[in-house]
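Trainee: Take the sequences, apply the hints, and build the full model.
Protein chains in written order, with our numbering: chain A, 1 to 272; chain B, 1 to 342; chain C, 1 to 320.
Calculated from the structure, these hints are not laboratory results. Heads up, none of these hints are tricks.
Just some of the chain C residues that point at chain B, by a computed CB distance under 7 Å:
{"hint": "1", "residue": "G17"}
{"hint": "2", "residue": "P143"}
{"hint": "3", "residue": "L149"}
{"hint": "4", "residue": "V156"}
{"hint": "5", "residue": "L276"}
{"hint": "6", "residue": "L277"}
{"hint": "7", "residue": "V292"}
Ideal Cβ positions, reconstructed from N, Cα and C, are used throughout, including at glycine.
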Amino acid sequence: MNEVHPILEVEALVKCYASRRGAGHSGRANAVDGVSLSIAPATTLALVGESGSGKSTLAFCVACLEKPTSGRIWWNGLEVSLLTEKDLRPNRSRVQMIFQDPASAMNPRWTASQIVAEPLVIQNQLTRRDQFEHAQLLLERVGLPASAGARRLAEFSGGQRQRIAIARALALGSKLLILDEALSALDCSVQAQIANLLLDLQESSGISLLFITHDLVMAAHLADQVAVMDRGRIVEAGTADEVIRHPEHEQTRMLLAASSGLGRVTPESRDA
Amino acid sequence: MPSGRKLILCLAILGGLHFVIAGAGFFSPYDPTAQNRDWPYAPPMRLHWFDAAGHFHLRPFFYPLQLQEGAFNEYRQDTTHPVALSFFVTGARYRLLGIFPLRVHLFGAGDTPIFLLGSDSYGRDLFSRMLFGGQISLLAGLLATGLALSFGLLIGSLAAYLGGWRDETLMRLAELFLALPWLYLLFAIRAFLPLAVSPLQAFLLIVILIGTVGWARPARLIRSVVLSSKERDYVRAARGFGASGSYLLRRHILPETWSVVLTQAAILVPQYVLAEVTLSFLGLGVPEPVPSWGNLLSSLQQYSVLTSYWWMYLPSLAMVPFFVGYLVLASALQERAQGPKI
Amino acid sequence: MRYIFNRLVHAFFLLVGVSFLSFLFTTMAPGNYFDEMSLNPQISPETVAALRTQYGVDRPVLVRYGRWVASIAHGDLGFSFAYGSPAAPLLWARARNTLLLTSVATILTWLIALPLGIWSAENRGRLPDIAVTSATGLLLVIPDLLLALGLLLLAVRTGWFPTGGMVSVGFETLSSIGKMRDAILHMALPVTVLVLSALPILVRHVRAAMSEVLGAGYLRAAQAHGISRRTLLYRYALPAASHPLISLFGFSVGTLLSGSLIVEVVMSWPGLGPLLLEAILARDLYVVIGGVMLSTVFLVAGNLIADLILYWVDPRIRVA
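Mentor: Given below as structure tokens:
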């Protein structure tokens with residue numbers, strides 16, 4: 001890690017929202033409260049926390065879709081927290097985000113190939129014809145049939161929609177995908193399929209993933225590193241194995257108990 | 001899809017109606033301002049297909065009117081000399097759509113005047129005046145709608161885009177405009193503009209007036225659509241690909257407002273046609289001799305017209321089928337907007 | 001209480017806004033009463049100039065606005081150039097008549113719209129509903145101007161109703177019953193037009209609100225308990241549907257006010273409408289502004305009444 005920049009580096013990130021109601025204690029609430037993290041190339045970091053722990057806010061800040069209150073963010077060595085919105089635009093291709101609800105993350109009026117080609121259109125890459133050919137290739141790469149391009153969003157199932165979203169996120173050749181609860185709206189079997197797709201993609205093209213979820217077991221399955229978030233802070237971090245086997249923090253144990261893999265790894269079996 | 005079919009049918013009928021009005025020069029037998037001093041207040045003439053003997057005639061005919069002896073405006077039908085209608089006749093010069101000079105009319109009857117809806121005090125053909133009057137009233141309604149919606153679109157999306165105190169100010173202003181009974185507002189503003197103006201000026205005045213008064217409701221609707229679509233994940237996603245503000249507006253946000261704009265248009269056009277009619281009826285709009293659906297009605301303010309010349313009421317009924325069409329169109333558009341989504 | 005206070009403050013600022021807007025438009029207007037007057041060769045330019053300074057029409061808009069506000073404090077509402085007297089008495093006399101017409105029409109419209117809408121919602125999709133829906137649809141597309149003229153035409157040709165004014169000539173000589181009969185006959189036509197023009201939208205809203213409530217689970221449960229149809233509809237469903245309907249009350253006042261403007265002119269009802277038209281044609285500035293202000297006051301009052309009823313009916317607002 002001396003020569004190579006981390007794909008993502010975050011230092012002391014704070015995001016606070018001015019509270020709507022003047023009443024209450026301080027009137028300000030820190031959604032993200034001094035978070036630092038980094039992701040090496042071709043690895044996966046899972047960020048686990050309950051809803052309201054600030055993990056989605058962190059994701060939006062990291063993706064530069066929200067402005068952090070303070071802190072620094074580097075994308076592959078480029079300090080993006082210093083850039084203006086305008087200067088950021090050409091660099092947006094480095095990091096892409098995938099949202100929780102694929103139905104609202106894509107324009108329902110558009111066809112699948114229009115959706116997938118949109119990043120190329122926006123970044124003005126390739127000719128018009130090539131844009132659509134590229135979109136076609138991407139759709140096939142995420143495991144959709146060749147005929148999918150002409151269909152509209154309403155004709156796809158939830159899992160297929162998330163595949164389209166992934167294809168779109170790959171269009172600009174990003175090195176980091178941020179997945180904000182991208183699997184939680186899907187059925188269990190579909191979750192596994194999409195998770196495998198992501199692992200395949202990582203293997204074949206060496207992208208990094210920032211995987212945000214409330215499901216600790218799923219996170220451990222996918223990720224190399226796991227960080228547990230509670231009330232805006234990272235309370236525990238380590239390799240996936242460490243965190244699952246030796247949870248230190250109360251919050252981690254709770255998440256572990258609530259996790260979908262309850263049958264597989266329970267606190268009792270860990271203590272044994 | 002039944003709602004789609006309803007929409008198409010409705011558009012076809014409305015299109016046909018507007019086509020007739022747009023081609024008023026062709027469909028009307030006379031120039032709308034041509035006076036026939038010999039034929040004041042002629043009653044409507046009926047077309048017949050069966051003669052007195054009960055024989056059918058493919059070409060409809062009518063009985064010409066003759067002035068009663070000693071009267072200046074009482075007529076009787078001359079049943080002994082039926083006159084057949086001729087089609088595609090050459091008559092008064094007109095400009096189709098204001099451009100192409102033509103002389104051919106759909107029908108006429110040579111030298112015998114034919115007043116399908118009767119004539120007014122100057123002996124002008126009410127049928128022709130009805131068709132030409134529609135041009136003024138409908139055009140005023142359509143242009144005013146376009147203007148009001150453009151203002152609404154501009155102000156609404158601006159308010160949503162800027163946010164903060166500017167949004168607040170614009171929306172308070174809109175509330176102010178909505179708080180007034182809008183006809184009063186129209187009147188009040190009209191009150192401060194010159195009274196005696198040329199027909200063209202009056203027409204433009206009305207269009208601008210209605211357009212300026214009417215921006216508030218569309219602006220509020222469009223603002224809320226823009227606000228909600230600004231928060232959509234796919235708009236955020238596009239921002240994540242490096243999209244500029246103008247791209248987002250052009251490709252994602254404005255298309256979203258489109259169905260609201262269309263529905264509003266279908267609701268507003270009849271309202272604004274009616275506003276023109278009301279202003280012209282009261283003598284605040286397009287002045288004589290240029291006909292409009294509004295000033296065609298204004299003669300009914302005289303008691304003598306009410307008692308003796310009821311047919312002066314007929315031309316204004318032409319607006320009813322248009323209003324029906326727009327009402328159905330608005331409901332069909334609304335249905336479609338709420339229609340199948342994911 | 002805070003809710004009511006908020007509504008009052010809101011109404012007050014609305015009125016200030018409307019009045020200022022009206023004044024703003026007067027500055028943008030080319031020409032005024034005295035410009036027209038100066039075209040009259042019988043009036044010397046000196047007289048016109050003197051009148052101009054007297055009424056201060058050449059002063060900046062803020063000054064005139066200030067003077068107008070001060071005149072409200074005196075109860076004058078500005079000055080009528082054409083009548084040469086304060087505008088307020090002129091306006092009040094007419095406003096009373098407009099108020100009479102619109103309030104009678106409002107009450108009648110609601111009395112008809114409620115049962116009709118409920119009946120229609122109850123029989124959703126069946127014959128009564130279809131009949132009501134198509135009848136209101138028909139009324140919706142006939143503008144009140146055409147309706148008024150059509151009824152007037154009918155009245156003139158049949159002679160069943162008087163065709164203008166509020167009372168007949170020689171009203172004073174009639175007995176009290178005769179007076180009442182005469183007044184009602186004169187009101188019949190304008191009220192009919194107003195009711196018919198406001199009815200369709202109201203009926204449709206009542207129908208929509210009631211259909212929604214009638215589908216709710218607790219009403220089906222009540223029905224299963226064997227409550228009579230009347231009790232169910234009027235004691236259970238109607239109060240539940242009342243929220244949007246009460247808000248609609250304010251809207252209906254606005255519709256009726258706009259409608260009454262034109263109906264009054266057509267039926268020569270001595271209300272604000274004809275006065276306003278006359279004032280516009282004479283460029284009688286303060287009378288126009290006064291008329292607009294009064295109509296706004298009525299509208300705001302209508303909305304305020306709706307808010308008060310809502311406050312009284314709906315406990316949720318009192319808590320919030």
